[in-house]
Amino acid sequence: MINMAPESLDHTGVFRALADPTRRAVFERLMSSEMTVSDLTSGFEVSQPAISQHLAALRGVGLVSERRTGRFAFYKAEPAALAPLVDWIDRYRAFWPERIERLKDVLKGMDQ
Amino acid sequence: MSDTAETPQDIVLDYELDEAPEKVWRALTRPELVAAWLGPNDIEAEVGRRFSLEPTPGKPVDCEVLEADPERRLSYLWREADERGGAVDSTVTFEVTPTPLGGSHLRLVHSGFRAAGAGSMTDAANDNTLMQRSLKWAA
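Going down the list, the protein sequences come from chains A and B.
In terms of our numbering, the first sequence opens at residue 1 and continues consecutively.
In terms of our numbering, the second sequence opens at residue 1 and continues consecutively.
In case anyone wonders, no lab produced these hints; they're calculated from the structure.
Where hints are given, some of them may not hold.
[As the list claims (entries may be wrong)] Simulated crosslink set (DMTMM-like; lysine to aspartate or glutamate; CA at most 25 Å straight-line): (1) K59(B) to E66(A); (2) K108(A) to D62(B); (3) K76(A) to E46(B); (4) K104(A) to D18(B); (5) K76(A) to E44(B); (6) K104(A) to D82(B); (7) K108(A) to D42(B); (8) K108(A) to D89(B); (9) K76(A) to E22(B); (10) K104(A) to E95(B); (11) K59(B) to E16(B); (12) K104(A) to E32(B); (13) K108(A) to D82(B); (14) K108(A) to D10(B); (15) K59(B) to E28(A); (16) K108(A) to D69(B); (17) K108(A) to E98(A); (18) K59(B) to D87(A); (19) K59(B) to E98(A).
[Claimed, not checked] Stretch by stretch, here's where chain A covers chain B in the computed footprint (C-beta under 8 Å, at least three residues): (20) 32-46; (21) 58-68; (22) 103-113.
The structure presented is a predicted model; accordingly, all values stated were derived computationally and were not measured.
Every residue gets a Cβ at the ideal spot worked out from N, C-alpha and C, and that includes glycine.
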């Protein structure tokens, strides 16, 4: 899962990547600006290798991208990668009202 | 809850129904009635009972009853396969409360979207709190 290329992005991977609270916090911080691993590490009580691992997991599902300049690597969030997850939930936002309308019809047709 | 704008939100829908809770409960728990609005199923409202449901032909959902408080509350696990062999778990809960005029208020909550096997985003936050509490007790 961690080594998945962004193009193999799937619902489960995005859900799983964001299930971890630290990883979610990393993603949120990278929403505000591009950062290096050490910028990121300063905001968390987590070691740099741990942050790097979280970044790798986030990059694996396309939630974070990396830009290299010389010996520096900059990371930023890719909110567009949340789309499959948002789509999944939106599908149910449309699904339930339609089914509840059917439920109402069922109730109308039931005997006492 | 520590969910933020970036994490998926729960789906919460509220309805006022003319029918009494007893009747609504039947429509939520009798297979032949559930089939008419939600899809073919073998539901049985008993905690721990697993059942299958096919809201969309060819896309079965594996369910397991988590809570069944007759005429009040029904909750089940909703496990749907994704296109890549993984599964997304969520929880569907129906809360039924009587209204003064003999009808029911129905609240539907579809929540806790998570990869099967991983903690939900809400669970993850709760686990964290639990862990901190355990550490305090241990100290």
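Hints the structure fails to honour: The structure breaks hints 1, 2, 3, 5, 6, 8, 9, 11, 13, 14, 15 and 21; every other hint is satisfied.
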